[in-house]
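Q: Chains as they are written, first to last, in UniProt numbering: chain A, 1 to 344; chain C, 1 to 344; chain F, 1 to 344.
Hints listed in this document are in silico derivations from the structure and should not be mistaken for laboratory results. Keep in mind it's a predicted model, so treat the numbers as computed, not measured. Don't take every hint at face value.
Just so you know, same-sequence chains aren't split out, so a pair can sit in one copy or run between any two.
To be verified - Derived lysine-lysine pairs resembling DSSO-like cross-links, with alpha carbons at most 27 Å apart:
id, residue 1, residue 2
1, Lys-275, Lys-331
2, Lys-319, Lys-63
3, Lys-176, Lys-281
4, Lys-19, Lys-307
5, Lys-141, Lys-19
6, Lys-319, Lys-78
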Amino acid sequence: MFPVNTWYVACSADEIDEKPLGRTICNQAIVFYRAHEGKVAAVEDFCPHRGAPLSLGYVCEGKLVCGYHGLEMGCDGKTVAMPGQRVGGFPAIRSFPVEERYGFVWVWPGEKDKADPALIPHMEWHDNPEWAYGGGLYHVKADYRLMIDNLMDLTHETYVHATSIGQPEIDETPCKTTVNGDEVVTSRFMSDIPAPPFWKAALRAKGLADDVPVDRWQICRFTPPSHVIIEVGVAHAGHGGYDAPAEHKVYSQVIDFITPETNTSMHYFWGMARKFNPGDKALTAQIREGQGKIFSEDLEMLERQQKNLSAFPDRALLKLNIDTGGVQSRKVIERVIAAERGAS
Amino acid sequence: MFPVNTWYVACSADEIDEKPLGRTICNQAIVFYRAHEGKVAAVEDFCPHRGAPLSLGYVCEGKLVCGYHGLEMGCDGKTVAMPGQRVGGFPAIRSFPVEERYGFVWVWPGEKDKADPALIPHMEWHDNPEWAYGGGLYHVKADYRLMIDNLMDLTHETYVHATSIGQPEIDETPCKTTVNGDEVVTSRFMSDIPAPPFWKAALRAKGLADDVPVDRWQICRFTPPSHVIIEVGVAHAGHGGYDAPAEHKVYSQVIDFITPETNTSMHYFWGMARKFNPGDKALTAQIREGQGKIFSEDLEMLERQQKNLSAFPDRALLKLNIDTGGVQSRKVIERVIAAERGAS
Amino acid sequence: MFPVNTWYVACSADEIDEKPLGRTICNQAIVFYRAHEGKVAAVEDFCPHRGAPLSLGYVCEGKLVCGYHGLEMGCDGKTVAMPGQRVGGFPAIRSFPVEERYGFVWVWPGEKDKADPALIPHMEWHDNPEWAYGGGLYHVKADYRLMIDNLMDLTHETYVHATSIGQPEIDETPCKTTVNGDEVVTSRFMSDIPAPPFWKAALRAKGLADDVPVDRWQICRFTPPSHVIIEVGVAHAGHGGYDAPAEHKVYSQVIDFITPETNTSMHYFWGMARKFNPGDKALTAQIREGQGKIFSEDLEMLERQQKNLSAFPDRALLKLNIDTGGVQSRKVIERVIAAERGAS
C-alpha cells in the first residue's frame with residue numbers, strides 16, 4: 001500500500017511544542033515529542049510497562065514520562081528510569097528516525113538504518129525572505145493515493161472548485177505528463193484566457209490589472225513517496241507566460257505532503273508558498289483561509305469515492321489521458337514498494 | 001431477504017427537484033434525478049471514470065454530470081460525453097427502471113426487462129379532490145419485515161401508542177386474517193366503544209360529536225413486496241359501522257411503503273389519506289404531525305428488537321393469532337422470492 | 001474472562017425505582033426491575049413473543065409488561081399473561097438471582113442453583129450511623145481487569161492524580177502484597193510526610209490541623225470476582241499511624257465494585273465510605289464530587305490502554321513489584337474461573 005523506507009511529514013513543528021502528540025503513521029501508533037534541547041523524537045505510543053499510550057504523558061528534562069506510572073522513556077525506545085524500579089531488563093520499544101525541517105517533523109517509518117536525512121526533499125521557499133508560506137492539515141478517510149490522483153489531475157478544478165480556481169479552459173486544454181525516473185510531471189499551459197477569481201485577487205494583491213487576458217500554468221510534480229508540489233501562476237498575456245519577467249506574473253507553489261495513516265485514511269498537509277508580497281501577513285492568512293476552503297471541497301468527494309471503491313474493490317476504473325499523472329505516480333509507488341520488498 | 005423484481009418507493013417526488021439524490025435500495029447504491037423534461041431517472045451511484053458518487057454531481061440539460069471530472073451520464077447508464085474524451089468505449093453502469101406516480105418515485109431494483117409500470121398498485125386517493133394526503137419518511141435500522149409485522153398487528157397500539165390511538169378494546173377484540181393470493185388482510189371491528197384521542201379529534205374536525213360511543217375498524221392490507229394500506233375509521237355507534245353512511249363516520253387510509261435499504265435497515269414512507277375535510281390544509285398538517293409522532297414511537301422498539309434478534313439469530317419467536325397477519329405476509333414474501341429464484 | 005457463579009453489582013437501588021433498567025452484565029442483556037412489593041427481579045431483556053426488549057416496557061402490579069404487545073412476564077422468566085392469549089406453552093426466558101443490599105442490586109449471572117445470598121460480602125458501613133457513603137457509576141470501555149490493576153497499584157496516583165491525592169512519597173515508598181486464599185492485599189505505609197490536597201481538606205473537615213506532618217496509609221483489598229475495597233487515611237505523625245486513636249486521624253474506605261459488561265467494557269461503581277463527620281451531607285456531596293473527578297481522570301487512560309492492548313494482544317507486559325497486587329488478583333480470578341469450569 002505504501003513505501004515505509006522513506007520520509008513522511010508527521011506533523012507541523014508547532015504541534016509538539018506544548019505536549020507529546022500521538023499520531024498513527026503507516027498503521028503504526030507513534031508518539032512525537034521534543035526531547036533534550038527541543039530535538040524531535042518519536043517512539044511507539046505504547047509504554048512497555050502496561051501498554052498505556054505514552055502520548056498521554058508529558059516531557060520532563062527531555063525524557064518522555066508515562067502518565068500512568070511515571071516510566072521515563074528515552075528517545076531510543078529504551079526505558080531510562082522508573083520510580084523504585086531497576087529498568088535494565090525492560091524491553092525496548094521501537095524508536096523512529098525523525099527530522100525537523102521546513103516547519104515540519106519528518107518521520108521514517110521503516111528500517112531505521114536506512115534513514116538518511118539527505119533524502120528529505122529540498123524546499124526552496126523555506127527560510128527564504130522572497131517567499132511566504134501558509135498551510136494546514138486535514139484528516140481524510142480515504143486511501144492516500146486518491147489524493148495523489150486528485151492533485152495530479154487538476155481537471156477536477158472545473159467541477160469541484162468552480163467558484164475559485166476552476167474555469168472551463170482547464171478542460172479544454174490538454175495536459176501533458178512526463179516521467180523522469182521517480183518523478184512524474186503533469187503540466188497544462190493555457191493562453192490568453194480570463195483569470196479565475198483566485199488569481200484575479202492575486203493579481204490585485206501585487207498591484208496588477210485583473211481584467212486583462214492572462215496566460216495560466218499548472219505544473220504538478222509528484223515525487224515518492226507521496227509529495228505533490230504544484231507550480232501555479234498567471235502572467236499578463238503576451239509576456240512569455242511561465243517564462244514572463246517577474247513584474248508581469250504572480251505565481252506560487254502548492255505544497256502537498258500526503259501521509260498514510262491507515263490503508264484507507266491519510267493526514268493531508270496542504271499549503272501554499274508564494275513569491276509575491278512575502279511580507280504581507282494578512283495576505284498569507286487570507287490565502288491560507290481561501291486555500292483551506294478550496295481544499296476542503298475535495299474531502300467529501302474523496303471520502304465518498306473511497307466508500308464506493310471499498311464496496312466494489314474489484315471494479316476496474318478508467319485510466320484516461322487526464323488520469324495519466326495519477327496512474328504514473330501509482331506506478332512509481334508500486335516500483336518503490338517492490339524495491340523495498342526485494343531488498344529486505 | 002427481499003424480492004427485487006418489483007416496484008419499491010425510492011423517494012418522494014420532491015426529494016429530487018433540486019438536485020440528485022443518492023439512496024441505497026435493496027443493498028444497491030443508486031442515484032435518482034430528473035433527466036430530460038423532468039422525467040425521473042436512476043443509475044448506479046458510481047461514476048465509471050474513477051468511482052466517485054454521481055449523487056455529488058448535478059444535472060445539466062437532462063444529463064447527470066459527475067461533480068469530480070465532469071463526465072456526463074445518460075439515464076441508460078451510458079456515458080454521453082466527457083470534456084476532452086472519446087467516451088464510446090466507456091463501460092456502462094447499471095440503470096434502473098423508475099416511474100413517478102402518486103407523488104413518489106418508484107424503482108425496480110431487479111431485472112430490467114421484467115419491469116412493468118402497470119404493476120405499480122393503484123392509489124385511489126391520489127389526484128382525487130375528495131381525498132387529502134400527508135406523509136413523511138423515517139429511516140429505521142431494522143429489517144423491513146419487522147415493520148410489516150408491526151403494521152399487520154395493531155394490537156401494539158394499546159401499548160406503544162397508549163395516548164393517541166391505543167385503547168384496551170383493541171386487545172379485547174379478536175382480529176381475523178385472510179389470505180387472498182398474494183394479499184393478506186387482517187381486520188378488527190370494535191363495537192360501541194369510546195373513541196380514542198386521535199379519533200375524537202377527527203370527529204370534531206368533521207363537526208361530529210366526539211363523546212358518544214362509536215364503532216371502530218382497522219383493516220390492514222398487505223400486498224407484495226411490502227406495502228401495507230390500512231383502512232381505519234370510526235362511526236357513531238348504531239349506524240352500520242364500517243358500512244355506515246358517510247355523514248356518520250370519519251375514515252382514512254394509513255399508507256405504508258416500506259423499502260429495504262440493507263438487510264437490517266429500511267426507508268419507511270408513511271402517510272395518511274383521509275376522506276373528510278380534504279380542503280383543510282391546516283388539518284392535513286396537523287394530522288401529519290400527529291401521525292409522525294405516533295409512528296416515531298415505534299422506531300426505538302423496532303431498532304432495539306432488531307438488535308435483540310441480531311444477537312440471537314436462531315432463537316424461535318412465537319407466532320400467535322395476533323401475529324398471523326405478519327406471519328402470512330412473510331410467507332407471501334418468501335413465495336415471491338422463491339418464484340424469482342426459480343425463474344432466473 | 002470473568003467468573004459467572006458469583007455476585008456482581010448490577011445497579012444502584014434507585015436506578016430501578018421509576019422504571020425497568022436494561023443493562024448488559026457479563027455479555028448477557030438483562031432487565032432489572034422491582035416486582036411484587038418492590039422486590040428486585042431480573043430476567044433476560046428479550047420478550048419471548050417477538051424479541052422486543054422488555055426494558056422498554058413497564059411494571060404493573062409487580063409484573064413486567066412488554067411495551068410492544070403487553071405480554072406480562074413473571075420474575076421467574078415465565079409468562080404470566082397476555083391479552084387474548086393462552087400463555088401456558090410460551091417458552092420461558094432466563095431469570096437471574098438478584099438481591100438488594102447496601103443500596104445496590106446484586107446479580108448472579110451464572111448457574112442459578114448455586115446462588116447463595118450469604119456469599120455477598122459484608123459492608124460494615126451500610127446503615128451504620130458512624131459512617132457516611134457517597135458514590136457513582138462510570139461506564140468504561142476497557143476490560144474490567146484493567147481497573148483491578150489500576151486500583152491494586154496506587155502508584156499511579158502520583159501521575160494521574162497529581163493535584164488531589166498524588167504525592168512523590170507514594171512512589172518512594174515500597175508497597176507490600178500478601179495473598180490470603182482468594183483475598184489479595186497490597187498495602188503501603190508512609191511516615192512523616194505532608195498531606196496531599198484531598199487529605200488536607202479531610203483533616204480540616206474534622207477540625208484537625210492540615211499543615212503538620214502525617215502518617216498515611218493505603219490498604220487495597222481485592223476479593224473475587226472484582227471487588228476492591230481500599231482503606232485510606234492519614235494520622236498526625238507520631239500517634240501510631242493506621243493504629244492511632246480516632247481523634248488523631250481521618251480515614252475512609254474507597255469502595256470499588258467492578259462489573260464486566262462485555263469482554264472489553266465494564267460498569268464501574270465507585271464510592272467512598274468515611275468514618276468522620278458522617279452527618280455532614282454537604283461534605284458527603286463535596287467528597288463525592290471530588291472523588292468522581294479524580295476517578296474520571298483514570299478513564300481515558302484505561303480506555304486508551306485497552307485500545308493499545310487490543311491492537312497488540314500478544315505483546316507481553318511487565319509485571320513489576322508495583323503490579324503484584326493486580327497480577328495476584330488476576331491469578332485468583334483465573335483460579336476461580338478454572339474451578340467453575342471444572343465443576344460444570
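Q: Is it within a copy, between copies, both, or neither that the alpha carbon of Lys-141 lies no farther than 27 Å from that of Lys-19?
A: both (26 Å within a copy, 25 Å between copies)
Q: Please work out whether the CA atoms of Lys-319 and Lys-63 approach to 27 Å or closer within one copy, between two copies, in both situations, or in neither?
A: Between copies, since 22 Å is at most 27 Å while 50 Å is not.
Q: Using 27 Å as the alpha carbon limit, work out where Lys-176 and Lys-281 are close: within a copy, between copies, both or neither.
A: neither (35 Å within a copy, 61 Å between copies)
Q: Cα distance capped at 27 Å. Does Lys-19 pair with Lys-307 within a copy, between copies, both, or neither?
A: between (34 Å within a copy, 21 Å between copies)
Q: When no copy is specified for Lys-275 and Lys-331, does a C-alpha distance of 27 Å or less occur within a copy, between copies, both, or neither?
A: neither (32 Å within a copy, 67 Å between copies)
Q: Is it within, between, both, or neither for Lys-319 and Lys-78, if the alpha carbons may be no more than 27 Å apart?
A: This pair counts as between: shortest inter-copy Cα distance 17 Å, intra-copy 48 Å.
In this structure, the hints that do not hold are numbers 1 and 3, in rising order.
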